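Number of protein chains: 2
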Amino acid sequence: MKKLALGIDIGGTNTKFGFVDEEGNGYAENSFLTHDDRSFDDFLGQLDKEIKKAEKEVNYLFELIGIGIGAPNGNYLRGTIEYPTNLKWKGVTPFVEKFKRYFDVPMFMTNDANAAAMGEMIFGGAKGMKDFIVITLGTGLGSGIVSNGQIIYGHDGFAGELGHTLVNVFGRECGCGRRGCLETYVSASGIKRTVYKLLADYVDDSELRNIPFDELSAEMITNAAIRKDTIAIRAFEYTGRILGMKLADTIVHFSPEAIFLTGGLVNAGDYLLKPTRQYLDENMMPIYKKNPPKLLTSGLLQKNVAVLGASSMVWNEAAG
Amino acid sequence: MKKLALGIDIGGTNTKFGFVDEEGNGYAENSFLTHDDRSFDDFLGQLDKEIKKAEKEVNYLFELIGIGIGAPNGNYLRGTIEYPTNLKWKGVTPFVEKFKRYFDVPMFMTNDANAAAMGEMIFGGAKGMKDFIVITLGTGLGSGIVSNGQIIYGHDGFAGELGHTLVNVFGRECGCGRRGCLETYVSASGIKRTVYKLLADYVDDSELRNIPFDELSAEMITNAAIRKDTIAIRAFEYTGRILGMKLADTIVHFSPEAIFLTGGLVNAGDYLLKPTRQYLDENMMPIYKKNPPKLLTSGLLQKNVAVLGASSMVWNEAAG
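Same order as they appear, the protein sequences are chains S and H.
The numbers in this note's numbering rise by one with no breaks, and the one at position 118 of the first sequence is 118.
The numbers in this note's numbering rise by one with no breaks, and the one at position 255 of the second sequence is 255.
Next up, chain S with everything else stripped away, as it sits in the complex:
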C-alpha cells in the first residue's frame, strides 16, 4: 500500500493541507479560512472534517504514516503553538495533544520557517546538504537552520529567530517589543517601511508616491523596480545591503554550505539578490572565502512549500 504523509500549514488567514508521497508529489491539496476568532476546538473539528473529506479524493488505498504541522510559533519539542503574534489563540495551545484524538499517527509540529528548511532538505535544493539555512522573506523574516543534518531547535524549541537579530539599537520599532530587529528592514513589511523612508529622503519622481502605506505591497515595489523606478530600486539595494551584512554574521555562527532565500520578496530576483550577494561578499570573514556558502533561491519556489515542508518532517523521521 502506498504511504502518504499529511502536511498542514496554519496561517493567520488560511489553513492549507495536502497529502504528500515520498517523492514530494502532492494529492488532494485544499485550504479553508483559519477563522481563528472561534475556539481552537471548533477549528480542530473543521480541520478533521476537511481532511477526512480530502482523504476520499485520493483515489487509491494508502497508509497515512504521519502528520506534519507548520504554524506560527509552533514548538517542535512540545507540539504546541505558543504566544503567536499572527493568531488569535492566546497563550499556549496544545495542538498535538488535542489533534491526537482525531488521528492516531506520529505528529510533528514546528514553525513555518523550520518546515521550509526541512522541505528544502528532503525535496528541494538542499538534498544531500547537512549544513544550510533557509530564510523566509514574508510579512516577517523567518529562518530554519540545519546543522549536521538536523534542524536546530535549541533547549526550548525557539532557536533560529534570525529576524530578531539586531541591526540598529535605535532603529525601527518591531512587533516583538524591541527596536531595530532585522525583520523591520528585511521582509515584505520592512521594504514598505524603507520605501516610505526613501520617499522622505529623496525627491525622485516615483509611482510609489501615489500609494498609501496600508495599500503598498512588496509586489508593487517589485513591479515598480522592473519599470526602473529609482525609489523602488534603491529600496531593494537598501534591503539587500542590510541582509548581506547580516548574513556575513550568520555565516560565522553556522558555516553553512548554502543559504536559501524564499518568500514573496524573492520574486524581485536580482533587484534583491545582487546587492545581497555584494554586501555578503564584502563583509565575509576571510576564512570563509576559500569555500564560501552559496546564496541561492529555494528549489521549491513553484511548489506548495508550506504543505510540502510540513509533510517533510514525517518523511525525515520515516527515513530514520
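Treat the hints as calculated values from the structure; they're not laboratory data.
Values in this document were obtained by computation on a predicted structure and should not be read as measured data.
Do not take every clue at face value.
The list cannot tell twin chains apart, which means a pair is met if one copy fits it or any two copies do.
[Claimed, not checked] Below, simulated DSBU-like cross-link-like pairs (lysine-lysine); rule was C-alpha separation at most 30 Å, straight line: (1) K49 to K2; (2) K197 to K303; (3) K16 to K56; (4) K88 to K290; (5) K290 to K98; (6) K290 to K90; (7) K289 to K127; (8) K3 to K16; (9) K49 to K98; (10) K90 to K49; (11) K290 to K228; (12) K290 to K100; (13) K289 to K90; (14) K98 to K130; (15) K127 to K274; (16) K294 to K127; (17) K130 to K2; (18) K88 to K289; (19) K53 to K16; (20) K130 to K3.
Please build the complex by placing chain H on the supplied structure of chain S, with the hints as guidance.
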C-alpha cells in the same frame, strides 16, 4: 587495564599536554615551548618524545584510547591546522595525518574554544546539557557551540567564530582584516583598547594612565577595578554592555540553556558579569524570557581546561 586519553593544547607560546581518565583526573601533565619558528616536523618529533617521556611517569599500566588536540584554527573535519594567525606554520598543516605515524590511535583535532565546550559538557558545568555555548575571553574571543548534544562545526569546520560578528561597521580594526568585530571590544586585548579610549574620553585620575599600551594587561585592569579605579570599572561596563547586547543576538540563533564564560577576563567577576547580564536581559527577545538562558562562568576554571577539553573529545567518542 585503566583507559586514558591524551589531551594536547598547542598555543602560540606553549604546548601543554596530559593524560586524562574518564572522571577528568589528569596525569603526567607537562608543557614545552611550541617554538614554532622551527619546522612542523621538528615540532612533532619533540612532541612525540615529550609524550613518551610522560607516559613513563604514569605509574601503572594503561591503555591509550585516543588523542584530542586543540590548536588555533584546528579543523575537526580535516584534522588540519589552517591559516592560523597565532602560529608561524603557514597555510594548511596536516596535523593528524602526520601525527598518526607516531601514535596509531583515534585522533580528534579542533580549535581551543570547541575543545573548551566539549570539556564543559563532559567534565564541567554543562554535564547533561544538550544546548549551550562556551565563550572564551582570552587574547581574542572564541566560541564553542553545542546544539542537540553536538559541537556545531558547519560544512567546512569553521562554525562558531562569534568573535567575528559585527559590532560596528566603522569600528576597531580587527586581525581578520575587517573592522568592528566583537573580539576587538570583548577580549583581553579589546578591553585594553577600551581603557585607552576611556583615558582619551575622560579626565578621571587613573593608575592606568601610567602604563604604556604594550605593557597593559587584563589583569592590571581587573586589579585597578578592584581598587575602585573609575576608568577600569567603566572599561568593564563598556565591555559587558557590548557582550550582553551581542549575546541577546546569539540567543536568537541557538536558544541555548546556558552560556558559559571562561578565560582570563572572567577573573574580573561581577565587574564584567553584572553589566553583561543587565544588557543581555534588556535586549533579550521576549519569547526567551519565560525560560531564559543562564549566564555562568565555566565549571572548569580551576582546572587545566585546555588539556581537559582536548582529551574530552576522545571521551565523547568513547561514550558513543
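Now the hints, each set against the structure:
Proximity of K49 to K2 under the C-alpha cut-off of 30 Å is restricted to the intra-copy arrangement: shortest distance 22 Å within a copy versus 63 Å between copies. In this homomeric assembly, K197 and K303 never come within 30 Å of each other (Cα to Cα): the closest approach is 34 Å inside a single copy and 55 Å across copies. In this assembly of identical chains, the alpha carbons of K16 and K56 lie at most 30 Å apart only when taken from the same copy (17 Å versus 69 Å across copies). With identical chains, the CA atoms of K88 and K290 are at most 30 Å apart between copies only, with a shortest distance of 20 Å across copies and 48 Å within one.
Only between protomers do K290 and K98 lie at most 30 Å apart by alpha-carbon distance; the minimum there is 23 Å, versus 50 Å within a single protomer. For the homomeric pair K290 and K90, the shortest alpha-carbon distance between copies (15 Å) is at most 30 Å, but the shortest distance inside one copy (48 Å) is not. Proximity of K289 to K127 under the C-alpha cut-off of 30 Å is restricted to the intra-copy arrangement: shortest distance 23 Å within a copy versus 35 Å between copies. Taking the shortest Cα distances, K3 and K16 sit within 30 Å of each other inside one copy (20 Å), while across copies they are farther apart (57 Å).
For a Cα distance limit of 30 Å, the shortest separation of K49 from K98 inside one copy, 15 Å, qualifies, whereas the shortest one across copies, 65 Å, does not. For a Cα distance limit of 30 Å, the shortest separation of K90 from K49 inside one copy, 24 Å, qualifies, whereas the shortest one across copies, 66 Å, does not. For a Cα distance limit of 30 Å, the shortest separation of K290 from K228 qualifies neither inside one copy, at 36 Å, nor across copies, at 47 Å. Proximity of K290 and K100 under a CA criterion of 30 Å is satisfied inter-copy only: 27 Å between copies versus 49 Å inside one chain copy.
Taking the shortest Cα distances, K289 and K90 sit within 30 Å of each other only across copies (17 Å), while inside one copy they are farther apart (45 Å). With identical chains, the CA atoms of K98 and K130 are at most 30 Å apart between copies only, with a shortest distance of 28 Å across copies and 33 Å within one. In this assembly of identical chains, the alpha carbons of K127 and K274 lie at most 30 Å apart only when taken from the same copy (25 Å versus 45 Å across copies). Taking the shortest Cα distances, K294 and K127 sit within 30 Å of each other inside one copy (14 Å), while across copies they are farther apart (36 Å).
Proximity of K130 to K2 under the C-alpha cut-off of 30 Å is restricted to the intra-copy arrangement: shortest distance 28 Å within a copy versus 37 Å between copies. Taking the shortest Cα distances, K88 and K289 sit within 30 Å of each other only across copies (21 Å), while inside one copy they are farther apart (45 Å). With identical chains, the CA atoms of K53 and K16 are at most 30 Å apart within one copy only, with a shortest distance of 14 Å there and 69 Å across copies. Taking the shortest Cα distances, K130 and K3 sit within 30 Å of each other inside one copy (26 Å), while across copies they are farther apart (34 Å).
Against the hints set out earlier in the document, violations occur for numbers 2, 11.
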